[in-house]
Amino acid sequence: MNNNAELWSKFKKNPTPILKKQIIMNYVNLVHYVIHHSKFALNNILDERDYFQYGIEGLNEAIDRFDPDYGTKFETYAIQRIRGKIIDELRKLQSKYKNDSSEASIESFYTNVSLNKSPDDEDGYTLGEIISNEEESVSTAVEKNEMKEFLMNAIKELNERDRLLLSLYYFENLNYKEIAELMKITVSRVSQIHSRIVKELKSKLLVLND
1 MNNNAELWSK FKKNPTPILK KQIIMNYVNL VHYVIHHSKF ALNNILDERD YFQYGIEGLN
61 EAIDRFDPDY GTKFETYAIQ RIRGKIIDEL RKLQSKYKND SSEASIESFY TNVSLNKSPD
121 DEDGYTLGEI ISNEEESVST AVEKNEMKEF LMNAIKELNE RDRLLLSLYY FENLNYKEIA
181 ELMKITVSRV SQIHSRIVKE LKSKLLVLND
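Counting from 1, one number per residue, gives the positions in the sequence shown under the numbering used here.
Incorrect hints may appear among the rest.
[Stated by the list, open to error] Each computed DSS-like pair below joins lysine-lysine, with the alpha-carbon atoms no more than 30 Å apart:
| # | residue 1 | residue 2 |
| --- | --- | --- |
| 1 | Lys199 | Lys184 |
| 2 | Lys156 | Lys92 |
| 3 | Lys156 | Lys177 |
| 4 | Lys10 | Lys21 |
| 5 | Lys199 | Lys92 |
[What the hints assert, rightly or not] Listed next, with one range per pair, are the computed distances between beta-carbon atoms:
| # | residue 1 | residue 2 | range |
| --- | --- | --- | --- |
| 6 | Thr72 | Lys177 | 18 to 26 Å |
| 7 | Asp69 | Asn3 | 15 to 23 Å |
| 8 | Lys21 | Arg196 | 15 to 23 Å |
| 9 | Ala5 | Ile185 | 22 to 30 Å |
| 10 | Asp50 | Ser188 | 26 to 34 Å |
| 11 | Glu160 | Asp67 | 18 to 26 Å |
The hints are simulated quantities; they were obtained by calculation from the structure and are not laboratory data.
By construction, the Cβ of each residue, glycine as well, lies at the ideal position given by its N, Cα and C atoms.
Construct all of the structure, not just a fragment, from the sequences and the given hints.
In structure tokens:
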């Protein structure tokens with residue numbers, strides 16, 4: 001502890017690359033801690049090496065911005081910065097879905113997502129649930145392929161935020177808390193949006209059956 005305090009004192013007076021490297025080596029375990037104690041690391045969205053790289057960048061930023069005089073423990077501050085950096089990089093995944101309006105993207109979404117994924121506690125609906133609930137009655141009016149095309153078009157008409165949420169939840173297998181962090185909204189808001197989307201799709205299927 002005294003060694004770290006002395007190192008920080010030297011670094012603040014003379015922030016040389018050598019001193020900074022020593023601080024990074026002293027706290028690199030915080031990067032591993034964040035990676036292995038965060039659920040987003042289990043979703044295989046990024047390679048573990050990528051998580052580590054972004055974590056090191058977050059640690060580097062924490063070292064540059066930390067002021068020991070504020071009385072905050074560096075470990076506490078650094079963990080927040082490391083986690084924040086990784087989450088910021090994950091948020092860049094949003095650009096991946098900006099062009100999801102293409103038919104190929106929607107087709108991929110429809111055929112590959114886990115539509116029957118168990119919903120979180122706040123929600124009682126899944127896409128697979130509304131499809132199976134309505135399939136018997138709908139099938140009397142349209143062929144299965146027509147219903148599939150109808151649902152693809154319905155998803156394609158969703159706004160960018162709604163498509164992103166569906167993609168993160170069903171395709172990337174993120175939970176509500178992780179989606180909330182990525183989209184910078186509350187967990188309850190994620191639940192509300194997901195529930196609304198599924199209900200809207202269900203209503204459209206009912207209209208199709210009329």
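**OP:** Against the earlier hints, flag every one the structure doesn't satisfy and list their numbers going up.
**Re:** 8, 9, 11
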